[in-house]
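Chemist: Sequence:
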Amino acid sequence: MADINILAAPPAQAERAAPAERGEDAPLVDLIELFFFAYRDFVGDPDEILAPIGFGRAHHRVIHFVNRHPGMRVTDLLDILRITKQSLGRVLRELVDEGFVESRAGASDRRQRLLFPTPKGETLARQFTEIQGRRISRALDACGPNGREGAYRFLLAMINPDDRAAVERLIQRADKARRA
Numbered sequence: 001m002a003d004i005n006i007l008a009a010p011p012a013q014a015e016r017a018a019p020a021e022r023g024e025d026a027p028l029v030d031l032i033e034l035f036f037f038a039y040r041d042f043v044g045d046p047d048e049i050l051a052p053i054g055f056g057r058a059h060h061r062v063i064h065f066v067n068r069h070p071g072m073r074v075t076d077l078l079d080i081l082r083i084t085k086q087s088l089g090r091v092l093r094e095l096v097d098e099g100f101v102e103s104r105a106g107a108s109d110r111r112q113r114l115l116f117p118t119p120k121g122e123t124l125a126r127q128f129t130e131i132q133g134r135r136i137s138r139a140l141d142a143c144g145p146n147g148r149e150g151a152y153r154f155l156l157a158m159i160n161p162d163d164r165a166a167v168e169r170l171i172q173r174a175d176k177a178r179r180a
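Its first residue numbered 1, the sequence shown is counted upward by one per residue in the working numbering.
These are computed hints drawn from the structure, not numbers from a lab.
It is possible that some hints are incorrect.
[What the hints assert, rightly or not] No farther apart than 25 Å at their CA atoms in a straight line, the calculated lysine to any residue pairs in the SDA-like style are these:
no.: 1; residue 1: 120; residue 2: 160
no.: 2; residue 1: 85; residue 2: 56
no.: 3; residue 1: 85; residue 2: 74
no.: 4; residue 1: 176; residue 2: 142
no.: 5; residue 1: 120; residue 2: 141
no.: 6; residue 1: 120; residue 2: 139
no.: 7; residue 1: 85; residue 2: 97
[To be verified] If you anchor each label on the Cβ, the simulated ranges turn out as follows:
no.: 8; residue 1: 96; residue 2: 27; range: 20 to 30 Å
no.: 9; residue 1: 110; residue 2: 43; range: 30 to 40 Å
no.: 10; residue 1: 149; residue 2: 111; range: 16 to 26 Å
no.: 11; residue 1: 145; residue 2: 105; range: 26 to 36 Å
no.: 12; residue 1: 151; residue 2: 85; range: 16 to 26 Å
Each residue gets a CB set at the ideal place from its N, CA and C atoms; glycine is no exception.
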């Protein structure tokens with residue numbers, strides 16, 4: 001893939017007119033592009049941590065959710081990630097084999113697979129959270145006093161309406177468990 005060279009300084013606030021004022025036909029193209037670049041850099045930080053151990057973004061997502069929701073069922077992880085069982089199976093097998101995740105049988109249903117982070121997995125998840133948290137904190141600081149609230153509302157609104165309540169419950173449950 002070719003490198004993209006971007007001019008050093010972003011345009012001043014006055015130079016950033018609304019798309020309609022610039023005469024653009026495609027609405028919000030500038031925000032779409034910013035979203036792509038923000039995502040690239042947001043996931044790029046963990047990519048650098050994962051590359052030396054031969055893992056990728058799928059490993060990052062699994063470690064994140066298993067760490068946030070210890071004891072989650074494999075079926076719940078499949079629902080969250082919206083990937084195939086085959087795709088998850090390969091990634092999960094590697095994480096288990098390398099000692100980042102532990103898979104246990106369910107207490108009431110032995111066929112059920114419950115996922116737990118190992119201490120090694122918790123350490124890796126903490127590295128991701130710290131590096132991505134610093135990036136988000138810098139961005140929120142640049143947005144002013146209501147940046148976090150605005151960003152939360154924006155990101156929640158980006159989620160399909162039918163999924164929003166479930167996503168909020170998932171986040172709240174993990175936050176409550178962490179505080180307990």
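Chemist: Can you list which hints this structure breaks, lowest number first?
Modeler: 1, 4, 5, 6, 8, 10, 11 and 12
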